[in-house]
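Novice: Listed here are the chains, written in short residue letters.
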Amino acid sequence: MSEHEYTPKSKVGKWFNDRLPLLTLANHLTDYPTPKNLNYWWTFGGILTFCLITQIVTGLVLAMHYIAHADMAFQSVEHIMRDVNYGWLIRYIHANGASMFFLAVYIHIFRSLFYGSYKSPREVIWIIGIIIYLLMMAAAFLGYVLPWGQMSFWGATVITNLFSAIPLVGEGIVTWLWGGYSVDNPTLTRFFTLHYLIPFLILGLVVLHIWALHVPGNNNPIGIDIKKPSKDTVPFHPYIVIKDGFALLMFMIVFAFFVFYTPNILGHADNYIEANPLVTPAHIVPEWYLLPFYAILRSVPDKLLGVIAMLSAILILAALPWLDTSKIRSAVFRPLYKQFYWILVADVLILGYVGAMPAEGLYLLIARIATAYYFLHFLVILPVLGFKERTTPVPLSITEPILGGSPNLAAVKKKDSFKDQ
Amino acid sequence: MEKKTKRRDFLFTATYAVGAVGAGAVIWPMIDQMNPDASVKALASTEVDVSAVNPGKTITVLWRGKPVFIRRRTQEEIAEAKSVKLEDLKHPEKDEDRVKNPEWLVMLGVCTHLGCVPLDQKGDYNGWFCPCHGSHYDTSGRIRKGPAPTNMEIPEYKFVDANTIKIG
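Sequence lines, in order, name chains V and F. Each residue of the first sequence is one higher than the one before, counting from 1 in this note's numbering. Each residue of the second sequence is one higher than the one before, counting from 1 in this note's numbering.
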C-alpha cells in the first residue's frame, strides 16, 4: 500500500487518471513494497497466474475446433490432434497445463502451510485461495470429461455418483446433473459450458486474492510483520518481477519437457478408447492431482461417510487459520511444527500413492492409517501444538539478524513484540 | 414512542413477498431445464430376445443409457442364492423377491457404490465384482462385501413371452 498520492507526469495521463485512476493502480502495483527476504517458494503466485492465462488461451483455441456432442466429441479431439495446424501442440499444452497448474498450486499451498501465511491477518486471502482450489478441481474434472474417452466417461459417472450418497434427494440430484438416466449427451454439453465458465470465475477470484493480499502485504520466510515501506522492503518492480520471471522460466522448462517429451505420461491410455457405457475400465483412477482425496474416499467402507470424509479433507483447510493456535507464523521458529509439517507432506504423498493402487489388502490398511493421520494433524496436533510448543526467538526485523547482531532476546520475550511493528 | 405497524411496513413486506415469488418463478425454469428432457424420457423401454442365451451365460443390453444384465442362472447358482441366510446380508432381500423366474436374473448392471459396471463371474461370491472400488455381489446380485450400500437394482420388466423380456 503506497501511502503517497500519485500524480501522473503527463497532462493526458493526469486528465485520464482523474477520471479513471488506472495509472494510480499501475503505480501501486509497481511500487508495492515487498519483503526483501522472499525466497523462490514465493514465486509460485506469478507462476500460477501464468498457468491460468495459458489454460484460458489454449482452451479458447481448442473450443474453436472441439464439438461438444457425445457422437462427435472423441472424433473432434482426434481431429484436433491430427488435422488442425499445431492442434497437437495446443492440446498437449492444455492437457499438461492442467497438471502444471496443480503442481504449482500444491507448492503454493504447502508454502503457505510452512510459513503460516494463512494466519491473521491473511485468513481471507487463504479462504479465497481454497475456493480457487475447489474451482480448479471442478474445472479439471469437467475438462477431463470432454474428450469422451473411457476414463472421461467413467470418471464422470463415478464423480457424479458421489452426490447419490446424499440421503433422500441424492438420486434426484444425480439425474438432474446428468439430464438423463446415465452420463450421456446432455451431460457432455453442460459440462463443456461449465468448463468454459469456471476459468473466468477463477480469474475474478484471483483478482480478489491479490487485492486481499495487498491489504496486509506479503508474509515472508520469517513470518514477522514488517514496516512498509522500510529497509526491510523492496519495490515489486523490478526486484520481484525479475525474480518471478526467472522462476517462471525454470518452471516453463519443466512444462515444456512434459509437453514435448512425455505428453501422455500424466494421462491414462484408456482415454484414447472412445466412451463405452457397457464396459468399465479394469483399473479406474483419477488424475494424479486428485489421488490423495480419492484414497480418502476409498479408505472409508461406508458410501456416505466416504464422501463426507473426502469433502471434509478439503474443507478442513478453510478452518486452518483457527485450528492452528500458534501465534508464530513461520515454521522456522517452530521446531516441533516443522517436523509435523514434513510428516504431513509425507502423509499426503502416501495418500496419493495408495490412491493410485487397488483398494485392497495392505494398500487399504495404509490408506486408512494415512487418512486418520491427515485429520489428526489438523484437528488435534495443530490446535494442541500452539499451546505446548516452545518456539525459538523471532527476530524483530528482517535486517536485524544481519545488521543488528544477534536477535534482541529481551524484546522478543515480551510475547507480542513481533506483532506490533 | 409506541412502535406501530405502519402502512409503509405493509408495503415493504408485500413488495418483498411478491419479489420472492417472482424470483422463484424465474429460477425454477433455469434449474428444471437440466432435468431429463422429453426425448430422453421417451426412450423408456427395450424388448430383448433371450432365446439364444444358454444357462450360465449373461447378456448385457443397454436401457436408458445403462447396462442391464440378463443372466440365465445355473441350478447351482440358484441353490446358492437361495441358501444364503438373510441375516448375513448387508441389504436383506430374498432371492425370490429379486426374480420373476428363478432361472432369469434381470438387473441393472450398475454398482450401487459409484456407478461402475461390475464384472461377471468374479469376486468372492461367484457373482459380480466391481473393479472400481472392490464391491462383491453374489449370484443374486446382492451386495456381500465392499463399499456399495445396496444390492444391484432390479428394473421394471416382464416376460412378453417365453423368449422375450421387456425392460421398462
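Hints may be right or wrong, so weigh each one.
Stated by the list, open to error - Between beta-carbon pairs, the in silico distance windows are:
| # | chain 1 | residue 1 | chain 2 | residue 2 | range |
| --- | --- | --- | --- | --- | --- |
| 1 | V | Thr392 | F | Tyr16 | 42 to 50 Å |
| 2 | F | Asp32 | V | Asp83 | 35 to 43 Å |
| 3 | F | Asp32 | V | Leu25 | 41 to 49 Å |
To be clear, the hints were calculated from the coordinates, so they are not data collected in a lab. For every residue, glycine included, the Cβ atom is placed at its ideal position computed from N, Cα and C.
Novice: For every hint, state whether the structure bears it out.
Specialist: Outcome of the hint check:
The supplied range of 42 to 50 Å is broken by V/Thr392 and F/Tyr16, whose beta-carbon atoms lie about 58 Å from each other. Between F/Asp32 and V/Asp83 the beta carbons are some 39 Å apart, a value that agrees with the proposed interval 35 to 43 Å. Our hint of 41 to 49 Å for F/Asp32 and V/Leu25 holds, since their Cβ atoms are close to 43 Å apart.
When held up to the earlier numbered hints, the structure conflicts with hint 1 and nothing else.
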